[in-house]
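A.B. asks: Protein chains in written order, with our numbering: chain E, 1 to 304; chain S, 1 to 380.
Derived by calculation from the structure, the hints in this document are not laboratory data. Remember, it's a predicted structure, so these values are computed and weren't measured experimentally. Don't be surprised by glycine CBs; every beta carbon is placed ideally from N, CA and C. Take the hints with a grain of salt, since some may be wrong.
Keeping only pairs whose Cα atoms sit at most 20 Å apart, straight-line, the calculated SDA-like set for lysine to any residue is [to be verified]:
| id | chain 1 | residue 1 | chain 2 | residue 2 |
| --- | --- | --- | --- | --- |
| 1 | S | Lys90 | E | Lys281 |
| 2 | E | Lys16 | S | Ala356 |
| 3 | S | Lys90 | E | Cys179 |
| 4 | E | Lys281 | E | Gly249 |
Pairwise CB distance ranges (calculated) [as the list claims (entries may be wrong)]:
| id | chain 1 | residue 1 | chain 2 | residue 2 | range |
| --- | --- | --- | --- | --- | --- |
| 5 | E | Asp100 | S | Gln233 | 54 to 60 Å |
| 6 | E | Asp100 | S | Leu108 | 54 to 60 Å |
| 7 | S | Thr255 | E | Met1 | 26 to 32 Å |
| 8 | S | Asn28 | E | Asp188 | 56 to 62 Å |
| 9 | E | Glu97 | S | Cys295 | 31 to 37 Å |
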Amino acid sequence: MWDYTDKVLDLFYNPKNQGTIVDTNEPGIAVVFGEVGSIACGDALRLHLKIDITSDKILDARFQTFGCTSAIASSSALTELIKDLTLDEALKITNQEIADYLGGLPEAKMHCSVMGQEALEAAIYNYRGIKVEQHEEDEGTLICTCFSVSENKIRRVAIENNLTTAEQVTSYVKAGGGCSACLAAIEDILTAVQQETTATSKRLATEIAMAQEKALDRDRTVKPLTTVQKITLIQRVLEEVRPLLLADGGDVELYDVDGNTVKVLLKGACGSCSSSTATLKSAIEARLQEQVLPTLVVEAVEAI
Amino acid sequence: MLPYLQEYYGNPSSMHTFGGQVSKAIRNARLQIATLIGAEETELIFTSCGTEGNNTAIRAAIAAQPNRKHIITTQVEHACVLNVCKQLEKQGYTVTYLSVDSQGQIDLLELEAALTGNTALVSTMYANNETGVILPVEKIGALAKAYDAIYHVDAVQAVGKLPLNLQSSQIDLLTLSGHKLHAPKGIGALYVRRGFCFRPFLLGGHQERGRRAGTENVAGIIGLGAAAELAQQHFGKITQQTQLRDRLEQGLLSTIPDCQVNGDRTKRLPNTTNIGFKYIEGEAILFSLNQYGICASSGSACTSGSLEPSHVLRAMGLPYTILHGSIRFSLSRYTTLREIDRVLELMPAIVERLRALSPFNTDQADWLQDREEAIIVGSK
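Using the sequences plus the hints, can you model the full thing?
C.D. replies: Okay, here's the thing in structure tokens:
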């Protein structure tokens with residue numbers, strides 16, 4: 001017995017948005033569908049979309065699913081997630097978001113969420129006139145012949161879901177779940193992905209470190225502010241902030257500058273409200289750090 | 001069973017009276033089981049389950065015929081037979097997997113053609129666990145003996161449902177499992193014909209006359225003995241169970257379109273029916289039934305945790321449109337007419353609801369047929 005969440009079972013027993021969308025040739029409206037899976041694999045999803053052509057928004061989404069409990073629930077979740085999104089926004093929906101909407105899926109059933117994401121892509125590609133054959137995922141080497149899964153697809157799902165074992169790949173895209181002859185090839189792909197990810201992480205870390213070093217060098221070359229320059233700049237920032245405070249019945253005044261500590265007097269409403277004091281302090285401090293010196297700290301002092 | 005978990009918890013291998021009482025109870029259980037299958041008490045070895053029984057039997061058989069390197073089994077065996085055979089293939093054995101026809105039945109001519117002087121073992125089921133189809137074990141045994149091959153029968157599904165008399169059979173080794181006849185889970189037995197040159201699988205102490213080491217699962221054994229006696233008494237009521245099964249089957253076929261019984265409907269266990277519902281998926285049917293407290297099982301990929309649908313139904317050549325939506329209903333001696341009628345009441349609406357959700361339906365029969373044919377061509 002699968003350990004399904006209450007949400008999965010609820011959407012299985014009471015699915016939302018099941019059925020088809022009939023194209024009534026309404027002006028400015030397009031109706032398309034995308035299909036994934038097959039009768040041989042044991043699950044299939046046909047996703048129907050009603051699209052507003054001008055705004056590129058999904059007005060309605062409905063599904064027809066041949067599959068298990070979690071396939072039906074995942075399809076229903078998908079239709080709920082994508083309504084009212086633009087097509088570009090919908091394309092950003094990941095299978096993990098579908099699973100999250102359901103409160104999670106057993107790992108062996110994650111392929112149901114992947115099927116939802118793929119049907120969405122298929123429908124939008126159909127609408128945009130991109131042939132399935134042109135989809136870059138289908139251009140990769142076929143790794144799993146039992147379930148027709150390409151290397152590109154395994155790579156994409158492995159990266160998006162942080163998969164590290166062949167068993168996980170099988171759970172997510174079925175590859176390797178048939179004759180299992182491709183499991184070694186899947187492990188090779190995962191090793192390559194991990195190596196590439198590690199290399200990318202190292203490269204990014206190096207680039208970030210170099211950029212930080214450059215920034216520090218630049219800071220070092222900048223001539224330090226004199227005390228008068230510093231106070232003048234602080235005063236200018238406070239003057240920018242004051243109108244906002246005055247509008248709420250408060251005010252601020254520079255009291256003193258002691259090294260990098262800026263002492264201010266909060267007046268009116270600002271002076272009597274403890275929460276607004278904290279907010280104002282952090283807001284003023286952030287502006288001062290950004291516009292004057294990153295090391296400045298603001299303190300509110302009581303008037304003598 | 002309860003007294004053997006509470007008051008009589010002595011170890012039957014101990015020399016004291018406390019253990020001796022338990023030892024006597026085990027002897028009685030052994031007699032009860034031997035009576036059920038027409039064997040002698042000394043021909044039984046208690047095991048932990050059917051899997052252990054089948055593993056032990058196959059390994060004992062090849063150890064008894066070390067110069068023979070060929071095994072014959074069928075494509076529809078349980079995984080605990082198939083996986084042992086696959087492992088033995090890697091160790092140099094040749095294995096013939098006999099095919100089955102659309103009714104789940106083997107061809108005796110194919111068996112005869114496969115037998116040679118190199119065949120160490122023929123291992124077949126008595127009845128299939130998914131379809132209930134009964135294989136002609138006596139004919140298979142006779143053919144195996146003509147080539148001096150050992151004959152092992154996985155009778156896990158048959159014991160307690162079909163009368164057996166092993167003393168007058170051609171069977172050398174036979175496996176049974178407790179929970180298939182209302183005994184607890186975690187207990188089974190292996191019949192080993194008297195005179196068989198047996199090599200134990202588990203080595204250790206002297207339990208089971210040195211044939212299976214390890215402290216006995218006493219409560220399980222007592223439970224299996226009692227279950228065997230009750231099964232013996234129940235044989236007279238098997239007809240009632242068959243009538244209920246047939247009522248369920250006929251009721252489903254007459255009220256739900258596009259469904260069929262999988263497997264031979266005559267040579268079949270009295271309690272089993274396997275029905276394929278086109279265009280929908282098995283797990284979805286099971287969860288729908290589960291909502292009403294009705295428990296069935298499915299050979300669909302989504303239920304099993306693997307991604308391949310039932311190897312048994314595939315071996316029978318069933319189209320994908322049927323095999324993914326196939327459900328096995330198993331009746332017990334406690335199943336009632338009311339329960340059967342409840343299933344009949346609920347199933348049409350369940351199937352209708354799931355078909356309404358499915359993109360596949362009767363309107364797309366041609367399209368599906370094309371897909372099926374493409375798959376068949378692709379697999380060649």
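A.B. asks: Can you name, in rising order, the numbers of the hints this structure does not satisfy?
C.D. replies: 1
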